[in-house]
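Enquirer: Chain residues, written in single-letter form:
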Amino acid sequence: METILQITGLHASSGGKEILKGVDLTINKGEVHAIMGPNGAGKSTLSAVLAGRPDYEVTAGSVTFMGRNLLEMTPEERAWAGLFLSFQYPVEIPGVSITNFMKGAVNSKRKALGQDELTPAQFLKLLKDKMSMLKMKGEFAKREVNVGFSGGEKKRNEIFQMAMLDPSFCILDETDSGLDVDALKIVADGVNSLRTPDKSAIVITHYRRLLDLLRPDRVHILKDGRIVRSGGMELAEQIETKGFDSVDG
Amino acid sequence: MDRVYRVGIDEVPKRLTLKEAEELRLVFVVMPGISADVPFDISIEREGVKLEIYGLYLCPRSEQVNFRVRVRHLVGGSTSTQLFKGIAGGSARVGFDGLIYIAPDAQKTKAFQENHTLLLSDSALIDSRPQLEIYADDVECSHGATTGSLNPEELFYMRSRGIPEELARRIQIHSFISPVLKYLPEEYRRQILARL
Numbered sequence: 001m002e003t004i005l006q007i008t009g010l011h012a013s014s015g016g017k018e019i020l021k022g023v024d025l026t027i028n029k030g031e032v033h034a035i036m037g038p039n040g041a042g043k044s045t046l047s048a049v050l051a052g053r054p055d056y057e058v059t060a061g062s063v064t065f066m067g068r069n070l071l072e073m074t075p076e077e078r079a080w081a082g083l084f085l086s087f088q089y090p091v092e093i094p095g096v097s098i099t100n101f102m103k104g105a106v107n108s109k110r111k112a113l114g115q116d117e118l119t120p121a122q123f124l125k126l127l128k129d130k131m132s133m134l135k136m137k138g139e140f141a142k143r144e145v146n147v148g149f150s151g152g153e154k155k156r157n158e159i160f161q162m163a164m165l166d167p168s169f170c171i172l173d174e175t176d177s178g179l180d181v182d183a184l185k186i187v188a189d190g191v192n193s194l195r196t197p198d199k200s201a202i203v204i205t206h207y208r209r210l211l212d213l214l215r216p217d218r219v220h221i222l223k224d225g226r227i228v229r230s231g232g233m234e235l236a237e238q239i240e241t242k243g244f245d246s247v248d249g
Numbered sequence: 250m251d252r253v254y255r256v257g258i259d260e261v262p263k264r265l266t267l268k269e270a271e272e273l274r275l276v277f278v279v280m281p282g283i284s285a286d287v288p289f290d291i292s293i294e295r296e297g298v299k300l301e302i303y304g305l306y307l308c309p310r311s312e313q314v315n316f317r318v319r320v321r322h323l324v325g326g327s328t329s330t331q332l333f334k335g336i337a338g339g340s341a342r343v344g345f346d347g348l349i350y351i352a353p354d355a356q357k358t359k360a361f362q363e364n365h366t367l368l369l370s371d372s373a374l375i376d377s378r379p380q381l382e383i384y385a386d387d388v389e390c391s392h393g394a395t396t397g398s399l400n401p402e403e404l405f406y407m408r409s410r411g412i413p414e415e416l417a418r419r420i421q422i423h424s425f426i427s428p429v430l431k432y433l434p435e436e437y438r439r440q441i442l443a444r445l
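If you read the protein sequences in the order shown, they are chains A and B. Note that this note's numbering has the first sequence beginning at 1, numbered continuously upward. Note that this note's numbering has the second sequence beginning at 250, numbered continuously upward.
Calculated directly from the structure, the hints in this document are not laboratory data. None of these values were measured; they are calculated from a predicted model. For glycine and all other residues, C-beta sits at the position ideal for the given N, C-alpha and C. Treat the hints with care, since some could be wrong.
[Stated by the list, open to error] In silico BS3-like links for lysine-lysine, alpha-carbon gap of 30 Å or less:
# : chain 1 : residue 1 : chain 2 : residue 2
1 : B       : K431      : A       : K103
2 : A       : K128      : A       : K103
3 : B       : K263      : B       : K299
4 : A       : K111      : B       : K431
5 : A       : K154      : B       : K431
6 : B       : K431      : A       : K142
[As the list claims (entries may be wrong)] In silico negatives: residues of chain B with every beta carbon more than 10 Å from chain A:
#  : residue
7  : I258
8  : G326
9  : D376
10 : R378
11 : Q380
12 : N400
13 : M407
14 : G411
I would like the entire structure built from these sequences, with the hints used as guidance.
Expert: What follows is the structure in structure tokens.
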């Protein structure tokens with residue numbers, strides 16, 4: 001099996017405080033892994049470090065992404081290589097339309113990969129295809145990025161961007177938080193519709209309900225900066241009924 | 250009608266008096282690389298005037314630009330709206346001194362003024378002084394000034410989507426100045442975007 005992501009002994013800190021204390025994780029092509037854990041366990045730190053957020057410092061360990069040293073790459077290089085982070089708190093960018101934002105993103109990636117930029121007509125077709133796939137309305141693309149969006153709209157916009165960029169590896173950071181059942185279903189359907197045998201993902205969540213819809217291959221429990229237990233969906237069920245305290249850390 | 254003045258390139262009037270009920274839009278633009286003082290004093294002497302003044306200053310390096318804008322409502326029943334936006338980077342110095350004066354009896358005047366600057370470096374400086382002098386009681390007036398810097402969260406968000414840092418910064422600057430940029434002729438817009 002082909003390894004997509006290999007995390008070895010990863011330690012990371014933010015503001016001088018150590019948050020990740022030796023994370024080991026291997027994800028193969030086509031696999032979806034869930035990471036569950038209580039607040040403050042380091043789940044969002046892990047996703048931030050993988051995406052290259054500037055205010056985190058890796059103090060030890062290594063991350064190899066498709067054979068490359070991920071930690072030496074800029075955030076944009078990681079995106080070009082096929083990594084995508086769905087933000088827990090998507091950022092508002094006033095004055096920038098979703099169309100222009102995505103045009104910049106898609107064409108930057110194509111340029112970096114040595115492909116021709118899309119013509120305006122090609123780009124528009126891609127935009128419309130992905131919007132209709134995710135059942136989004138036409139005026140959506142004209143709106144300013146995340147400005148005035150509801151929680152559900154923001155998360156759906158993340159999935160839309162994911163569809164546009166067609167990444168090989170996705171990190172969904174609490175994409176389910178703050179969503180009602182209907183919004184959750186839309187997001188899960190969107191993610192499932194993007195699943196192919198050669199795409200992999202990490203799904204970070206507190207709850208089992210998103211995992212019921214996404215059916216991950218593996219479930220990991222992150223506690224105090226380490227993965228303390230790995231298993232299948234039965235682990236998610238145990239957490240749901242008995243809580244994180246039932247897993248030794 | 251629209252009048253667009255490129256400071257340091259076109260001849261810019263220092264003083265104007267509006268005696269007709271007209272709609273007038275004035276746009277001042279300071280291109281990158283230009284240092285200048287821009288004194289401008291406009292008096293409204295007729296009701297029914299609709300005046301819009303836009304200012305755009307692009308000072309990415311070591312420019313020194315000083316606006317001194319006076320909008321005088323000498324009679325009532327007219328409207329003035331001012332929006333000055335710009336960037337200050339490198340060791341640039343930008344001054345904005347703006348006064349709205351409303352004469353006694355100039356009732357039913359509406360006058361607004363805003364000045365917003367994006368600071369692109371720690372050594373750039375902006376000194377913004379909006380002032381109101383109002384001697385009539387039945388008027389609608391406001392002013393505001395802000396200074397901000399590029400938002401690191403926005404930058405990281407764009408970069409995580411594969412937009413290179415340099416382009417992400419340009420997108421942010423473009424979006425910041427777009428409310429004024431849109432009143433410039435296409436040719437000037439292109440020149441500005443190429444030089445940022």
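Enquirer: Determine for every hint whether it applies to the structure shown.
Expert: A quick look at each hint next to the structure:
{"no.": "1", "hint": "K431(B) with K103(A)", "in the structure": "holds (20 Å)"}
{"no.": "2", "hint": "K128(A) with K103(A)", "in the structure": "holds (13 Å)"}
{"no.": "3", "hint": "K263(B) with K299(B)", "in the structure": "holds (19 Å)"}
{"no.": "4", "hint": "K111(A) with K431(B)", "in the structure": "holds (28 Å)"}
{"no.": "5", "hint": "K154(A) with K431(B)", "in the structure": "holds (28 Å)"}
{"no.": "6", "hint": "K431(B) with K142(A)", "in the structure": "holds (17 Å)"}
{"no.": "7", "hint": "I258", "in the structure": "holds (27 Å)"}
{"no.": "8", "hint": "G326", "in the structure": "holds (34 Å)"}
{"no.": "9", "hint": "D376", "in the structure": "holds (25 Å)"}
{"no.": "10", "hint": "R378", "in the structure": "holds (26 Å)"}
{"no.": "11", "hint": "Q380", "in the structure": "holds (28 Å)"}
{"no.": "12", "hint": "N400", "in the structure": "violated (8 Å)"}
{"no.": "13", "hint": "M407", "in the structure": "violated (7 Å)"}
{"no.": "14", "hint": "G411", "in the structure": "violated (3 Å)"}
Consistency with the previously given hints fails for numbers 12, 13 and 14, ordered from lowest to highest.
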